[in-house]
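Chains as they are written, first to last, in full-length UniProt numbering: chain L, 1 to 399; chain R, 1 to 369.
Don't read these hints as lab results, they were simulated from the structure.
Check the hints yourself; a few may be wrong.
[Unchecked claim] Straight-line distance between alpha carbons at most 30 Å, and here's what the computed DSS-like set of lysine-lysine pairs gives:
hint : chain 1 : residue 1 : chain 2 : residue 2
1    : L       : Lys17     : L       : Lys47
2    : L       : Lys64     : L       : Lys148
3    : R       : Lys240    : L       : Lys62
4    : L       : Lys68     : R       : Lys202
5    : L       : Lys62     : L       : Lys147
6    : R       : Lys31     : L       : Lys47
7    : L       : Lys154    : L       : Lys296
8    : R       : Lys210    : R       : Lys246
9    : L       : Lys17     : L       : Lys68
10   : R       : Lys38     : L       : Lys64
11   : R       : Lys28     : L       : Lys64
12   : L       : Lys315    : R       : Lys357
13   : L       : Lys6      : L       : Lys17
14   : L       : Lys47     : R       : Lys240
15   : R       : Lys240    : L       : Lys67
16   : R       : Lys38     : L       : Lys147
17   : L       : Lys295    : R       : Lys357
18   : R       : Lys240    : R       : Lys163
19   : L       : Lys64     : R       : Lys30
20   : L       : Lys67     : R       : Lys202
21   : R       : Lys202    : L       : Lys148
22   : R       : Lys144    : R       : Lys240
23   : L       : Lys296    : R       : Lys357
24   : L       : Lys147    : R       : Lys31
25   : R       : Lys202    : R       : Lys240
26   : R       : Lys202    : R       : Lys298
27   : L       : Lys47     : L       : Lys67
28   : L       : Lys67     : R       : Lys210
29   : R       : Lys38     : L       : Lys47
30   : R       : Lys357    : L       : Lys68
31   : L       : Lys147    : L       : Lys47
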Amino acid sequence: MAPLQKAQIVKMIKTSKEHPITLAIGDGANDVSMILEAHVGIGIMGKEGRQAVRNSDYAIPKFKHLKKMLLVHGHYYYIRISELVQYFFYKNVCFIFPQFLYQFFCGFSQQPLYDTAYLTLYNISFTSLPILVYSLMEQHINMDILKKDPSLYKDIAKNSLLRWPTFIYWTVLGVYDAIVMFFGAYFLFDNTTFTSNGQMFGNWTFGTLVFTVLVFTVTFKLVLDTHYWTWINHFVIWGSLVFFVLFSLLWGGIIWPFLNYQRMYYVFMQMLSSGPAWLSIILLITAGLLPDVVKKVIWRAMWPTITERIQDADKLYKGQLSEFTPLASLQAPPKAGGRRRGSENQRNPRRSAAFSKKLMFTRWQRRPDYCTFTPLLRLVDGHSPHHNAYGGAEPETCV
Amino acid sequence: MMASSYNAKEEDGHHSGSSSHGGPGAMKSKKPDNTAFKQQRLPAWQPILTAGTVLPAFFVIGLIFIPIGIGLFVTSNNIKEFEIDYTGVEVDTPCYNCAKNFSWNSTTPCVCAVNFTLDQPFESNVYMYYGLSNFYQNHRRYVKSRDDSQLNGVESNLRQPSKECEPYRTSEGLPIAPCGAIANSLFNDTLTLYYIPPNGTKLSVPLTKKGIAWWTDKHVKFRNPGGSANLSTAFQGTAKPVNWRKPVYELDEDSENNGFINEDFIVWMRTAALPTFRKLYRIIQKKPNSTPTLSSGKYVLEIAYNYPVLSFDGRKRMILSTISWMGGKNPFLGIAYITVGSICFFLGVVLLIIHHKYDTRSNSAEIPN
């Protein structure tokens, strides 16, 4: 086919009624127009030179790498970036809305609730690294399962995680958290003493209390959303919280000579020395996170998505899965099961075909154990028309 | 559509169309390293938030929060608090005349006396607060109107106060010490308390004026200029704030409580968070034997009415309160804990039902026959 014809086909699909996102793969110079026309262009480094590769968004050495790129990397990328975007808006709504609410109580004079150091460092130091590491590391489902089960892509089809309903949910959650934080602190502070020696707190202590609850709430929200906890995740999440506490202690512990105000002097320590302040922090964090946890758990129990069912099945059959993976015992000394299973695939892409064939063979022999998530899919796709063909050929679905 | 960076790497090393990996010797392999980090197979804990895992947490939270809430609520109910508004808005209130006839340049303070009765005796330390309403100490222009370096005793700031203090920075050509709107609006009513025993004349209740400000404020943040030498010489060349009757070095005869380290002044300088607030004024120390600090009965509060609030529709009150480990009377914390604890417990029960119903259903579907 001529290059122009290929490009015209892609254009026709792009402008069709559904306006789908198109992807074109090619390896030769005659594929260049098609690659440029499609939304995502992939070039294969083949025998026909580097023209396709030079004009593409992604280049792969062999055609078979497309499978992992789409099903694993593409899927991970989407999950990570949608969470990144939604979380960023959420944490900033939680940050600014209490300041907005405070204006109603300070005569609309634009008095900030938090100290300038907190205002500056919130997005830079206290809450940036956890979500950054999430968006680099998160794996909601194991790589092998993603490769073997393309139907998981249905959960994120048509940009489902960045649509209005999801965004509105995150925004409403942010507003709810902000209201809990601000009014929780407001009613606790309202005209009463917080300390056991009768002394009163001022507006900076009030703001610091709200800010402490804020940092912990948004970080714990990310804790609840993270499915893949590497040591790096632990390090940045707990590290950010520890850094916040240490920074606050340091900032308020010394009369800094370069500052022309000393309003934060000892504020954080005074706040921490009050029993009710601790109790309110714990209470407000719990109250803030409760609805989201409840919603997640109930939705997962009553209307689980394919992804969630696979996650449950994976967790359920994790131990058994590693035992009859044939390469595990041959290649390397046996270690923690789940990790080994994944590593065999990544070791050498060339061997993945051989591995999956072996795995398929093994699973044939021990059918009841691993392939049981196929019946789950059957339950989920009870109504879909192509399901019967899908479910009928059992060995292929396992692959 | 730009070529990716991986593309560029290929361009560097290309001289043949054939695939380059596995080629030994001359060409460096373009394959990414086979490390756990780069191949995204770092060991990881993979928790899942299911009904089964969350259930115990909900019950635990419910079982912990509810007793804490009950404890807080009971403690708060045992705290005794008494509040009396003495602004003098109504004609029949004792301080009506003082409020109505307030003038800025009167030399003798207007005195009014408010009678009240305490129904219950107050045990242990009793804290006396003054409360203000509709007073926005948290207004932005007000909050920034101070010079912390001057209050820390820095000599240069004493002579040239910060620009933030404008328009309360200089008065009649002299720098104001302490400068700023916060200092200028210092609360200057004098409250004294007398107990009227059933038979006899009124007894003065001893009020302690030490220990009402934060220790770090009094000893570190606020320092008098020029050491502890004669304060009036240290403050020479400065003017008193515009609305004060006395200069700052005459706030108290006690040199430990004079000048910038006067505790009433320090308490006032800590701006309140909300427009209705209270500040600690005096402490009534508990009596050595088990007699109540304030026995029930008749009391009279004598007020030197110096602070005008009616112009901005504000209110003044005096509050007497006992304090527990959780602070003053605040039922909200107890009620909030009980509420959140009960909701958690209820949700735990709901989740238990859901977990039982839906998990057994999916379990039976999973296991093939």
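Here is how each hint holds up against the structure:
no. : hint                   : result
1   : L/Lys17 with L/Lys47   : 37 Å, violated
2   : L/Lys64 with L/Lys148  : 14 Å, holds
3   : R/Lys240 with L/Lys62  : 84 Å, violated
4   : L/Lys68 with R/Lys202  : 91 Å, violated
5   : L/Lys62 with L/Lys147  : 16 Å, holds
6   : R/Lys31 with L/Lys47   : 19 Å, holds
7   : L/Lys154 with L/Lys296 : 19 Å, holds
8   : R/Lys210 with R/Lys246 : 21 Å, holds
9   : L/Lys17 with L/Lys68   : 29 Å, holds
10  : R/Lys38 with L/Lys64   : 20 Å, holds
11  : R/Lys28 with L/Lys64   : 23 Å, holds
12  : L/Lys315 with R/Lys357 : 20 Å, holds
13  : L/Lys6 with L/Lys17    : 19 Å, holds
14  : L/Lys47 with R/Lys240  : 90 Å, violated
15  : R/Lys240 with L/Lys67  : 80 Å, violated
16  : R/Lys38 with L/Lys147  : 19 Å, holds
17  : L/Lys295 with R/Lys357 : 17 Å, holds
18  : R/Lys240 with R/Lys163 : 17 Å, holds
19  : L/Lys64 with R/Lys30   : 17 Å, holds
20  : L/Lys67 with R/Lys202  : 93 Å, violated
21  : R/Lys202 with L/Lys148 : 91 Å, violated
22  : R/Lys144 with R/Lys240 : 19 Å, holds
23  : L/Lys296 with R/Lys357 : 17 Å, holds
24  : L/Lys147 with R/Lys31  : 21 Å, holds
25  : R/Lys202 with R/Lys240 : 37 Å, violated
26  : R/Lys202 with R/Lys298 : 10 Å, holds
27  : L/Lys47 with L/Lys67   : 21 Å, holds
28  : L/Lys67 with R/Lys210  : 76 Å, violated
29  : R/Lys38 with L/Lys47   : 28 Å, holds
30  : R/Lys357 with L/Lys68  : 38 Å, violated
31  : L/Lys147 with L/Lys47  : 27 Å, holds
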